[in-house]
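With the hints as your guide, set chain B onto chain A.
These are the residues of each chain, in order.
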Amino acid sequence: MDQEYFDRLAQAVVDGEADAAVQLVNDGLGKGVDPIDAVERGLARGIMKVGEDFGAGEVFLPELIMAADVMKKATSILDEKIKASGTPRTTLGKIVIGTVKGDIHDIGKSVVAAVLQANGYDVEDIGIDVAVDGFIQSVKQNNADVLGMSTLLTLPLQVMGEVIAAMKEAGLRDRVKIIVGGCPVTQEFAEEIGADAVGFDAADAVKKVGKLLGRS
Amino acid sequence: METVLRGRSSEVRIDSQGPVVMIGEKINPTGQKKLTEALKEDNYGYVKELAERQLEHGAHVLDINVGVPGLDEVALLPRIVKRIVSDFDVPLCLDSGNPEALAAGLKEVSGKPLVNSVNGEHDRLEAVLPLVKDRQAAVIGLTMDEQGIPTDPERRLAIAEKILNRAVQLGIPKQDVVIDTLVLTVGADQNAAKVTLRTIELVRERLGVNINLGASNVSFGLPDRQTINQAFMALAIGAGANCMITDPVKLARSILACDLILGRDPYGKRYIVSTRKRLA
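Line by line, the protein sequences give chains A and B. If you count the first sequence from 1, you need to add 76 to reach our numbering. If you count the second sequence from 1, you need to add 106 to reach our numbering.
Derived from the structure by calculation, the hints contain no laboratory data. The structure displayed is predicted, hence computed values, not measured ones. Positions of the beta carbon are idealized from the N, C-alpha and C atoms, including for glycine. There may be inaccurate statements among the hints.
Heads up, incomplete: computed chain B residues facing chain A, CB under 10 Å, no partners named [what the hints assert, rightly or not]: (1) Pro135; (2) Val174; (3) Gly176; (4) Met250; (5) Thr291; (6) Gly293; (7) Gln296; (8) Gly327; (9) Pro329.
Chain A extracted, bound-state conformation:
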């Protein structure tokens, strides 16, 4: 398949055209396109573009969600083929992310998760109102490289500190980088609780995670 095919795949994600993306994926697979190529040279480029434009304020929340949904639909078809072929997709790292206990704000955290995913990370979004145990379990289960925690409120901030203490106790702290974020989170606060970085917005989170994993 030529470059134009991959461009069209990327464009389907940018335009939020799920049917077109699925059709292109199926056509491609019928013609022998490598499913890993379809993800990396096609779909991922589309979602990265959307992520960048969102960061620049040119793309709005519903468009980001729409693009992420298209991406999900199309990659689920490709992931099956990739699994069957036995060569796993390489990702930049495994990230577990959630909103801490006492807070049910979902959007900021979900946007960060979507944009990290768009930038090549394997992201496990464990949702909202997550207790200390929930984070620890998920980090273990997923063998995470990075843990991300979020809150919009001030009271749940203390949970972030509790999670970091529990990470130490579980012997996980040394091999997992921790990034925190959300409205009330400052650099000072992050240092005080012993987090490795603060993501001030989605684009900043991507930059900081890259740095933490030694990629930039």
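This is chain B only, laid out in the frame that chain A set:
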């Protein structure tokens, strides 16, 4: 149904037949760097400025939230409340997630304040409602609980009912519970506001209590938020909401227009006087 709030000597009535009551939302440091810094530096002047500006633009009640990470809210809330009370004769809405801070703030406030807020969570109800009862205040009840915010209007109504029942059991008059039906952004779920509008109708029909809304959430993540906020507010007021926690500088004019359109502004006086003042 009438919820009466009082300042030192002033009185504000949230009345299901009357005009919409505006609670100014700007004294809240969440996402406001300048206010966060002011509170850290104990710069009351900026807080006062925010209060003045909102009152000038027609706020009837002022929301006071001083939650800043690293600051002792239990000490700070009563301190700010005390100063606001001595400068402004207006009912206050004390806003904190921390029951101890609310208790401390309630000691300094005069008149009859509004407490923001309880929700359907058992612990929250048991921690905050007794404070409301002791102070003979009014309280906002959010339609969410341990399971989060239901997407089904009937379930939001059920939470409202639970809050109201518990309040009445503890001796808080029904009219002193104002239900907030909550709205999430239509930027993430395009049915989010529809659920809220239906919940407003249900609460109005079945419980008859006053209904509050924060109207700025609805447009998060979208361009030209003002247009969406105005449209949503008009629909919500039409459905029966009669108290708004909002930025009066941006939205007071639409609220006054809604009151006029719904026949709650005899001779259009409030609308005209306010517009003339603005254009002068």
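To see whether the hints hold, each was checked on the structure:
1. Pro135: Holds, about 8 Å.
2. Val174: holds (7 Å)
3. Gly176: Because about 7 Å separates B/Gly176 from the closest Cβ in chain A, which is inside the 10 Å limit, the hint holds.
4. Met250: Result: holds, 7 Å to nearest chain A Cβ.
5. Thr291: Check passed: Cβ of B/Thr291 comes within 7 Å of chain A, closer than 10 Å.
6. Gly293: Where the cut-off is 10 Å and the nearest Cβ of chain A is about 4 Å from B/Gly293, the hint holds.
7. Gln296: holds (7 Å)
8. Gly327: holds (3 Å)
9. Pro329: holds (6 Å)
Going through the hint list in order, the structure satisfies each hint without exception.
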